[in-house]
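Enquirer: In case you want the letters, here they are:
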Amino acid sequence: MTEPTIREALASAVADVLESMFFLEALGETAEPPPETTTVTARLSFDGDPPGCFHMRIASPAANTIAADFLGEDAGSLTPQQTTDVTLELANMICGAVLSRLESSATFRLGAPHIVEAPPAQLPPEEETRYTVETGNGTLTVSIQMETRTCLATEKFAS
Amino acid sequence: MAYRVLIADDSPAMRSFVRRTIELSGFELSACFEAGDGAQALALLRSEWVDAILTDINMPGVDGEELLRRLAADDLLRNIPAIVISTDATENRIARLLALGARGYVTKPFRPETLRAELERTLGVPCD
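Protein sequences appear in the order of chains A and B. In this text, residue positions in the first sequence follow our numbering: the first is -1, and each later residue adds one. In this text, residue positions in the second sequence follow our numbering: the first is 261, and each later residue adds one.
Next comes chain A alone, as it looks inside the complex (with noise of 0.2 Å):
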């Protein structure tokens, strides 16, 4: 699977969950936001042909926009808990679109997302895939590793 193929499948799957499930129109690609950005990153694993992992780091303005556009509810009246809760659904969303644009005829399983309580600097491994989008009110960023071993065992198929 080329670099390019996945990376059209991760652009493809974040404005697709945007516009469908959180009405939101992807603003265009961008540069990944500085380390120093306030961003929720959340994690998981997927099995499949080839297994991996997925991360997604949205910047915190971002992620509590989004979740009171999913819930119809006021961004102010969020509690933490609504905004990961939120956080963990659009991970699984678009991990899950993405897969399924890349294996349409094959089988994959997705583990349960995790919010990453101490995110790394910077998200990548250097062989990850990687889109970053603007959403407004903060950037998204959205990676992938295939055929990695380096996921936790105990992430894999909690749910």
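Rather than coming from a laboratory, the hints here were simulated on the basis of the structure. All values derive from a computational prediction rather than experimental measurement. Every residue gets a Cβ at the ideal spot worked out from N, C-alpha and C, and that includes glycine. Some hints could be false.
[Unchecked claim] What the simulated footprint calls covered on chain A by chain B, stretch by stretch (three residues with Cβ under 8 Å from a Cβ of chain B suffice, anywhere in the stretch; the number is not a length):
# : segment
1 : 12 to 18
2 : 57 to 71
3 : 90 to 99
Starting from the known structure of chain A, fit chain B onto it as the hints suggest.
Expert: Chain B alone, transformed into the frame defined by chain A:
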């Protein structure tokens, strides 16, 4: 006519979204129940009749596949149509879930009109 629907999903955010999406789509609900997994869904179905079940696949404990198996094995519940809502759009998975008894399948992400159309198709609601 208004319908009674059960939403089974371990994500409270997703349950809330599905419920709101159904309402926004104009599909009439007279009751909407929620369950955090298949076991809760089955327990609720012992006391509440519903017209349709919307279920996730990946849930802790009794997951969506097992819920479909248990519904199919239950004389009282097997005729309630179940629609799977999942991020998994792979052909094998869809075929597997339909073989287990799902009457419909909606892939996330979806639009409100898609969910409404699948509910109406599954319930045999005449088109406007």
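Enquirer: A separate judgement is required for each hint: does it hold in the structure or not?
Expert: Evaluation of the provided hints:
1. 12 to 18: holds (count 4)
2. 57 to 71: holds (count 4)
3. 90 to 99: holds (count 7)
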